[in-house]
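Asks: What follows is the residue order along each chain.
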Amino acid sequence: NAGVMQNPRHLVRRRGQEARLRCSPMKGHSHVYWYRQLPEEGLKFMVYLQKENIIDESGMPKERFSAEFPKEGPSILRIQQVVRGDSAAYFCASSPRRTGASSSISYEQYFGPGTRLTVT
Amino acid sequence: AQKITQTQPGMFVQEKEAVTLDCTYDTSDQSYGLFWYKQPSSGEMIFLIYQGSYDEQNATEGRYSLNFQKARKSANLVISASQLGDSAMYFCAMRGANDYKLSFGAGTTVTVRA
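For the protein sequence lines, the chains are A and B, in the order given. To get this note's numbering, take the position in the first sequence, counting from 1, and add 3. To get this note's numbering, take the position in the second sequence, counting from 1, and add 451.
Mixed in with the good hints, there may be bad ones.
Said to hold, decoys possible - For lysine-lysine, the following DSBU-like pairs were computed, each having C-alpha atoms within a straight-line distance of at most 35 Å:
hint, chain 1, residue 1, chain 2, residue 2
1, A, K47, B, K524
2, A, K30, B, K454
3, A, K30, A, K54
4, B, K467, A, K47
5, A, K47, B, K454
Said to hold, decoys possible - Simulated restraints on C-beta separations:
hint, chain 1, residue 1, chain 2, residue 2, range
6, A, P73, B, Q534, 35 to 45 Å
7, A, E66, B, K521, 39 to 49 Å
8, A, G6, B, A557, 18 to 28 Å
Hints in this document: simulated from the structure, not taken from any laboratory. Predicted, not measured: the structure shown is a model, and the values here were computed from it. Idealized CB from N, CA, C, for every residue including glycine.
Whole structure, please, built from the sequences with the hints as guidance.
Replies: Here you go:
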């Protein structure tokens with residue numbers, strides 16, 4: 004039973020390039036959450052998606068960042084024209100239902116291994 | 452909005468001893484959940500333990516236990532009989548019962564010495 008998968012695990016981009024981070028949720032999970040971890044900090048929520056819908060992108064920078072979760076395929080976090088400040092670990096998590104819709108712990112978020120983005 | 456505070460940036464503990472990691476939180480929600488995650492040097496986030504705000508018993512999972520003091524808004528993690536493999540960063544997190552956003556503290560680095 005595969006867990007949440009993210010690729011690549013490590014990504015190096017030069018300033019101005021585009022970064023694409025992929026997240027395949029656990030089987031049966033249709034809810035995806037992206038978090039960013041800056042160096043020496045905890046994770047911070049970026050965006051919440053269901054299949055083909057962005058539910059909440061309140062934590063995502065307004066410019067250069069976008070996310071999608073198509074009907075088929077992984078969720079993608081896209082960063083255009085990367086800058087050094089984008090260097091961070093990006094984690095995605097998935098759940099079978101919207102977290103908070105039930106008190107059951109089984110609906111909690113399961114995290115992937117993260118993608119470490121380095122902008123040179 | 453929730454706020455998580457972890458005041459210990461780093462701790463050393465002798466192998467086989469217990470260690471307590473502090474976590475205090477602030478929330479206006481009446482119902483919420485508290486979590487602890489472990490992040491080893493390899494970087495993945497490993498879920499350790501969960502405590503619901505209305506749970507009467509403190510949560511335990513193997514060598515991990517959560518010392519939940521609701522009135523003091525604290526949710527300290529206790530690791531008993533520390534092992535070398537426990538060396539990692541530990542994050543306290545919470546979310547409102549009906550919310551989906553997890554809010555994380557800044558983390559505590561634990562180093563277990565042989």
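Asks: Run every hint past the structure and note whether it holds.
Replies: Going down the list of hints, with the structure as the test:
1. A:K47 to B:K524: Judged against 35 Å, a Cα distance of about 21 Å means the pair holds.
2. A:K30 to B:K454: Holds - the C-alpha atoms of K454 of chain B and K30 of chain A are around 32 Å apart, at most 35 Å.
3. A:K30 to A:K54: 13 Å, holds
4. B:K467 to A:K47: Given that 35 Å is the threshold and the Cα spacing comes to 33 Å, the pair holds.
5. A:K47 to B:K454: With Cα atoms ~12 Å apart, K47 of chain A and K454 of chain B stay inside 35 Å; holds.
6. A:P73 to B:Q534: 35 to 45 Å: 43 Å, holds
7. A:E66 to B:K521: 39 to 49 Å: 41 Å, holds
8. A:G6 to B:A557: 18 to 28 Å: Since G6 of chain A and A557 of chain B have Cβ atoms about 26 Å apart, the given range 18 to 28 Å holds.
In this structure, none of the earlier numbered hints is contradicted; all agree with it.
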